[in-house]
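Colleague: Take a look at the letters that make up each chain.
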Amino acid sequence: MTALPLTRGRGRTGWALTLIVCAAVLLVLPHVIYPVLALDILAFGLFAVAFDLLFGFSGLLSFGHAAFWGVSAYATAYLLGHGQSVPVALLGGLLAAVLIAWPIGFLSVRSIGIYFSMITLAFAQMLSFLALQWTDVTGGENGLQGLARPNLLGLDFSNGFHRYYFALAVFAVGFFAAYRTVRSPFGKTLVAVRDNETRARSVGYSPTRFKLTAFVISAALSGLAGALFVFGHGVVSLEVVSWRTSGEVVMMTLLGGTGTLFGPVVGAAVVLLLRDVLSTANLPVGIVTGLVFVLTVLFFRRGVVGTLLGWLARRG
Amino acid sequence: MNTQLMFIQVFNGLVNGAFFALLSLGLAVIFGLLRIVNFAHGALYMLGAFVAFALGQALGLGFWPALILAPLLVGALGVALERGLLRRLYGLDPSYNLLLTFGLTLLVQDVIKQVMLSRYAVSSAPYTIPQELVGATNLGFVFFPTYRLFVIVFALVVCLATWFVIERTRVGAVIRAATENPTVTQAFGIDVSRWVTIVFGLGVALAALAGVLAAPIYSVEPYMGSELIIVTFAVVVIGGMGSILGSVVTGFAVGVLVALGSALYPPIANTLVFVLMALVLLLRPNGLFGLPEAK
Numbered sequence: 351m352t353a354l355p356l357t358r359g360r361g362r363t364g365w366a367l368t369l370i371v372c373a374a375v376l377l378v379l380p381h382v383i384y385p386v387l388a389l390d391i392l393a394f395g396l397f398a399v400a401f402d403l404l405f406g407f408s409g410l411l412s413f414g415h416a417a418f419w420g421v422s423a424y425a426t427a428y429l430l431g432h433g434q435s436v437p438v439a440l441l442g443g444l445l446a447a448v449l450i451a452w453p454i455g456f457l458s459v460r461s462i463g464i465y466f467s468m469i470t471l472a473f474a475q476m477l478s479f480l481a482l483q484w485t486d487v488t489g490g491e492n493g494l495q496g497l498a499r500p501n502l503l504g505l506d507f508s509n510g511f512h513r514y515y516f517a518l519a520v521f522a523v524g525f526f527a528a529y530r531t532v533r534s535p536f537g538k539t540l541v542a543v544r545d546n547e548t549r550a551r552s553v554g555y556s557p558t559r560f561k562l563t564a565f566v567i568s569a570a571l572s573g574l575a576g577a578l579f580v581f582g583h584g585v586v587s588l589e590v591v592s593w594r595t596s597g598e599v600v601m602m603t604l605l606g607g608t609g610t611l612f613g614p615v616v617g618a619a620v621v622l623l624l625r626d627v628l629s630t631a632n633l634p635v636g637i638v639t640g641l642v643f644v645l646t647v648l649f650f651r652r653g654v655v656g657t658l659l660g661w662l663a664r665r666g
Numbered sequence: 431m432n433t434q435l436m437f438i439q440v441f442n443g444l445v446n447g448a449f450f451a452l453l454s455l456g457l458a459v460i461f462g463l464l465r466i467v468n469f470a471h472g473a474l475y476m477l478g479a480f481v482a483f484a485l486g487q488a489l490g491l492g493f494w495p496a497l498i499l500a501p502l503l504v505g506a507l508g509v510a511l512e513r514g515l516l517r518r519l520y521g522l523d524p525s526y527n528l529l530l531t532f533g534l535t536l537l538v539q540d541v542i543k544q545v546m547l548s549r550y551a552v553s554s555a556p557y558t559i560p561q562e563l564v565g566a567t568n569l570g571f572v573f574f575p576t577y578r579l580f581v582i583v584f585a586l587v588v589c590l591a592t593w594f595v596i597e598r599t600r601v602g603a604v605i606r607a608a609t610e611n612p613t614v615t616q617a618f619g620i621d622v623s624r625w626v627t628i629v630f631g632l633g634v635a636l637a638a639l640a641g642v643l644a645a646p647i648y649s650v651e652p653y654m655g656s657e658l659i660i661v662t663f664a665v666v667v668i669g670g671m672g673s674i675l676g677s678v679v680t681g682f683a684v685g686v687l688v689a690l691g692s693a694l695y696p697p698i699a700n701t702l703v704f705v706l707m708a709l710v711l712l713l714r715p716n717g718l719f720g721l722p723e724a725k
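Top to bottom, those sequences are chains A and B.
Those letters in the first sequence? Residues 351 to 666, by the numbering used here.
Those letters in the second sequence? Residues 431 to 725, by the numbering used here.
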């Protein structure tokens, strides 16, 4: 959770270079692996970036972020199922996430540390039970399947590549929003609140208000990501609101590197590719992911990107 | 709902409450004294049930020896976890304990699933009630399964004993001193690090004990702890984190409340505990029995 050790000038060129490399990778990705998996990486990548906005930059470990991803997924599926266009469905999902995030955030950001984690987890679980019961809208145990994806502006969404490149554009918008938030005065204040709440309060900031705003922004981006996930798969199941999903996004972020914006995307890619390999190799997924999680927490807390940046900083 | 049904619901609620109480008590002991949020508590509860089952399969051990042996074995595993893994995270943000134990949960659940599938060719197995506890007991106004009554009474006794040891005995005083001010306690010649390990092992043993008790009621399966741990977390937040008395009272109370709620309006049963938690957070952010300085 430490701030990046890069100097400003070097940071600028570093950023531009990283951005170009990442853009290139993301552009060719669906041709290297298959498009559905590539789109999953975008959706979970954006989800992890949104989570890191809260965890890495405000120090709030939400253990219930599946709530926003999941609520948005259901809302998006519902709208797509009721004949709405893709952009309306995606925005509707985002809006649903924001609407649910406001009261949850209001109740939970007053608590700190581990309390915050447990409270967010419990709220997410409440929504998960709601999703199970409210079968008219969520399909309960069966979920919602075979959702229509109306075409848009000459794009044929039955084609995986078209879906992927549309999703990449949405991802880019979301990632840029996160980048702007983190680099803005607001983002700097968040870090200040994280590092020393008493001091931030004494110079006139209201920590609670900043945290709530960060919470809602994070939920909005998680919602956008959840909407992308449903758009990519055409199905939504109870798994989207499960606490395992909440844990998974934590793992992706941690593995990639907290407090770095590229890290979570890398982490999401590593986890999803690993899971893909494991499922074809017929190895038990839970054992391997659990082990990776434990080892990351014990020995690799700065994650892939964090470690890389630390190494670069020591060299430079 | 007639009175008799109502009493049965209350008793069923007390049975569920017994598991909430035992689990949240273990969490409270571990959190209150060591500041560790043990997400793996649910998996260790499952492990208690599984070890009891495996002891029966491999050595033909019955319920009573398992009730002693399984918590000891799982408690020993807890000691190994504290020494080998959790110890490395002391001094860091407590979030890392939560994350590590979350990873352990995934690991343990799937390892047990593999073991059950490969060794016993099942993913869920029933566990039989000991002869002495088969049947129903007449409580005067209603008949209630003897085993379930036993669970309520046994859990209550264990909870009270734990509370008594920590709050009222010399050993408890040493433990509290060791965790509240390690440096000074160390200066008195007390091996703090050993007490920390013992407390963690004790908390884990409590979870395993709950698992053995639960095995005949819910049968043994790898994910039996995964939903329970989330509800237990809500119970802990309602009761006030780290409060030993709070976790016991709230555990039983929430069990009864959920049972009554589900009898009156079934769809709400599972959400009721979380609604309650939201209300408590609004009115008393530190929980019903929480201490204001707890952070």
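Any given hint might turn out to be false.
To be verified - A short list of chain A residues far from chain B (calculated; beta carbon distances all over 10 angstroms):
no., residue
1, Y384
2, L411
3, S461
Stated by the list, open to error - A few chain A residues facing chain B, derived, Cβ under 7 angstroms:
no., residue
4, A472
5, Q483
6, W484
7, T485
8, V487
9, L633
10, G636
11, T639
Said to hold, decoys possible - What follows is a set of in silico ranges between Cβ atoms, one per label pair, in the way DEER data are often shown:
no., chain 1, residue 1, chain 2, residue 2, range
12, B, L709, A, R625, 37 to 43 angstroms
13, B, R624, A, P634, 51 to 57 angstroms
14, B, T433, A, R551, 36 to 42 angstroms
Just so you know, these hints were derived from the structure itself, not from any lab.
Glycine is no exception: its CB is placed at the ideal position from the N, C-alpha and C atoms.
Colleague: Hint by hint, note whether the structure agrees.
Modeller: Verification of the supplied hints:
no., hint, result
1, Y384, "26 angstroms, holds"
2, L411, "4 angstroms, violated"
3, S461, "6 angstroms, violated"
4, A472, "5 angstroms, holds"
5, Q483, "5 angstroms, holds"
6, W484, "9 angstroms, violated"
7, T485, "10 angstroms, violated"
8, V487, "14 angstroms, violated"
9, L633, "10 angstroms, violated"
10, G636, "3 angstroms, holds"
11, T639, "6 angstroms, holds"
12, B/L709 x A/R625: 37 to 43 angstroms, "39 angstroms, holds"
13, B/R624 x A/P634: 51 to 57 angstroms, "36 angstroms, violated"
14, B/T433 x A/R551: 36 to 42 angstroms, "55 angstroms, violated"
Hint check: violations occur at hints 2, 3, 6, 7, 8, 9, 13, 14; the rest are consistent with the structure.
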